[in-house]
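Novice: Letter by letter, the chains look like this.
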Amino acid sequence: MSDKKIPNPKTYKFDTLSLHAGYQPHKNAGSRQVPIYQTTSYLFDDVDHAAALFNLERGGHIYSRISNPTVAVLEERVASLEGGTAALATSSGMSAIFLAVMTLCEAGDHLVVSSQLYGGTVNLFRLTLPKFGIKCTFVKPRDTEGFKKAIQKNTKGIFGELVGNPGNEIMNMPEIAKIAHDAGIPLMVDATYQTPYLCKPFEHGADIVIHSLTKWMAGHGSSMAGILVEGGNFDWMQNDKFPTMTKPYEGYHGLSFAEEFGPTAFTMKARAEGMRDFGPCLSPQNAWNVLQGIETLSVRMKKHCSNAEEMVKYLLGHESVAWVSHPSVPDHPDHALAKKLLPNGRGSMIAFGIKGGKDAGVAFINSVKLASHLANVGDTRTLVIHPASGTHSQMDEATLKFAGLSHDMIRLSVGIEDIEDIKNDFEVGFRAARKPRLVSNQ
Amino acid sequence: MKFKVNGNEVFASTGGRPFDKNKPLIIFVHGSGLTHMTWVLQTRYFAFHGYTCLALDMPGHGLSGGKSLKSIEDMADWINSVIDAVGFKEASLVGHSQGCLVTIECTARYPEKIKTLSLMGGAGAIPMNPELLTLAENGDPKAVDLMMDWAHGPAGHFGGHPVPGLYHINTGGMLAKSRTIKDTLAVDFRACDNYKNGFESAKKIKIPTLSILATDDKMCPVKEGKKLADLIEGSKVDIIDNCGHMMLLEEADRVLKVLKSFITTNYPSKNL
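Protein chains in written order, with our numbering: chain E, -15 to 426; chain S, 169 to 440.
Just so you know, these hints were derived from the structure itself, not from any lab. Hints are supplied without guarantee of correctness; some may be wrong.
[As the list claims (entries may be wrong)] The calculated lysine-lysine pairs, modelled on DSBU-like cross-linking and capped at a C-alpha distance of 30 Å, are: (1) K170(S) with K225(E); (2) K404(S) with K324(E); (3) K286(E) with K324(E); (4) K170(S) with K11(E); (5) K170(S) with K(-6)(E); (6) K225(E) with K404(S); (7) K(-11)(E) with K170(S).
Put together the whole structure using the sequences plus the hints.
Specialist: Put into C-alpha cells, the structure is as follows:
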C-alpha cells in the first residue's frame, strides 16, 4: 500500500454482479456461459479427499442434493446482489421458507409472523409447522408494536413479507428488526416482490432474506426455485436461544456452526443438516434457467416498475375501479415508508377493487386476453388473479379478513409488455365486468 | 476452546477436533481486523489429520476478550504466551498478512519454541496508506470495503468460493466488521505501519520456512514476498497464480496442498 490518493472501492456493482458473480470461466474449460452440471455426484480424488469433504474440512461437492456447481453459481450470485455472506438455493420459495424455519427452530419454539402473506405460507405457519411443534403468532404487518408484544420466551425469530401478499401492506422493517434484535432473535424477510434491485433488506436490519426465485428474479416463468440468503451480521452466540447453532453438533463430530463459520453459520447449517436430511435441492437445469433471468434483472425491474406506475394512474382514473393499492399512490398508508425502503421503484404488484364485487371480478378475469389468469406473480407477462377464489381460496372467511383480503380484490402482477396493450386488454375486462351476468353465461 | 492469557479470555478454534496435548501444535494467526474464521479451510484439515490446531482470535478480535495489542512485537510475545498457556513447549506457526509479521517476529524472538513457519501473503513490512489508516481510525466502514477490494484478486472479485454458496468479499467484510473497526482494524493497521523490524527478524530465522505468495496480491506483492523470503535461510517459496491476497479463501485447496506438504514433511505428526 502506498501514499497515493485513496480511491473508492472498485468491487463490482449490481449490474455487473448480475452477469458475473459466482463464476470463473477459467476454472470451467473457458466456457463463457455457466455450464449445467447435470450430475448427481462427484469423483473423490482418494479416500482422504472424500473424508475431508464429509467433515467440512475442504470445500467442494459430494452429491447434488447437498450442492451442485451450477446451483452454487446461482447461490453466490444472489448472495452478492443482496450484500449477503452466503446463500442456499432450494427447489422452491416454499422449501426455502421451510428450510429457514427448520434451521432456526426446534419443537417447542415459537415464531412471530406477519399476517399478510402468500396463502401457502400462511398455511405453512398456521397448520403445518404446529405439527412439528413450532407455534406462530400472527401480527398485522403495520402493527409494529404488535410484533414486540407477541414475542415470547421461546420465540426464535420474526418472519414477514416486506410487502404483503396480496394487499401491499409494508412491514416497517427497520423498526421490526430493532424489536427482533432487542429480543436477541433474527428477522427473516421474504423479499420476493422486491428482488435486490428494489430493496436490500440487510441494509435495513434483516438477518435472513428469502426469495421465491420463480418470480421476478427468473422472470421467464419457466422454473421453480427458491433461495435463502444470510446477512452474516446476526450474533448467534449472544444468548442461549440457539443451541443448535452454538453447541457441538453430533451430526458433524461436535461441530459448532457459529464458532466455526460465524457470518455464514446459518447457511452452513441449513446445507449440512437441512439439505442432507430434507433434501429440497434445486435442479441444475432450473438453476441455470434462473441465472438467465438474473442477467437482465435490473433492465426488467425498471420496466416492471414504470409499467406498474402507468397502470396505477390508469386504474385510479377508471370508472370501474373502486380502489387501488400500490405503494406509489400518495394516499397509500405506507407511501413514505416505501420511498425509504424501495428507492428504485415500488414494485409491480397492484391490488385493486373492481366495482360490482365478486361477480364483476370473475367476469373481468374471464375476459382479459393478454393478461394471464394464473397462480403466479413476477412473470415478464402480465398476470391477474382473484385471490379470494384462487391463491387464498383455502382460507376461511375469518382468516381472509385478518389477511386483509376482500372479495372484490384483483391481484395484478404488471408485466413488461407495451403499456398500451395492457390497458387495452383491461378495457375489454372492465367492459365485461360491467355486464357480469352476460359474460358468465357465455 | 477458551483459555486465559495475561488474565484475558482467548478464543481459538481447534478445527472441530478436541484439543489434544499429545499431538503437534499448529498455531494460525489471522490478518488485520480479521478472526479465526479465515482459517476454516486449513485448520479443519490439519485437526482431522494428526495435529492440534489453534486458530486464534487475537486479543480484542472475534470471540477473544481484552483489547487489541498495539504493536507487532507485543503480538509476537502474546503468541509465545499462548504456547505456554496451553501447556506446549513448541509449535508450528502459520500466519496470513499481518499474521506473517507477528509470526516472523515471534520466531525470531523464541527460536527454541518455533519449529516451522508458514507465511501466506507475507512481506517484511506492510506500510499503510495514511488515508486508509485515517478511515479505519475514524471507524469508517469504507476502510473495510477498500481492504476487501484490494485483498481479492480479479478472479476472487467474481466469487467462486470453494465452499458452495459462500461469497468471498462479503464474508471477509463481515468478519472485519464483527468488532468495532476503530478498536480492531485501525489498531492492527497502525501496528503494521509502525513495525520496522521485519527484515532484521527474518535474517535470524533458521527453521524451515515456507512463503506462499499470489500473483495478483496487491497488498503484499510477490516482489515484496520474495524479498522477505530471500532473507530467510533455506526458505521455500510457492506462488499461486490467478489469486489475490486472500489466498487462504480464494484458492483454499491449492494453499492447503502446499501447506500440507510443507508441514507434514518438516513437522510430521505421529498421530496420522
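Novice: When the hints from earlier in the document are held up against this structure, which numbers fail?
Specialist: When the structure is compared with the hints, numbers 2, 4, 5, 6 and 7 turn out to be violated.
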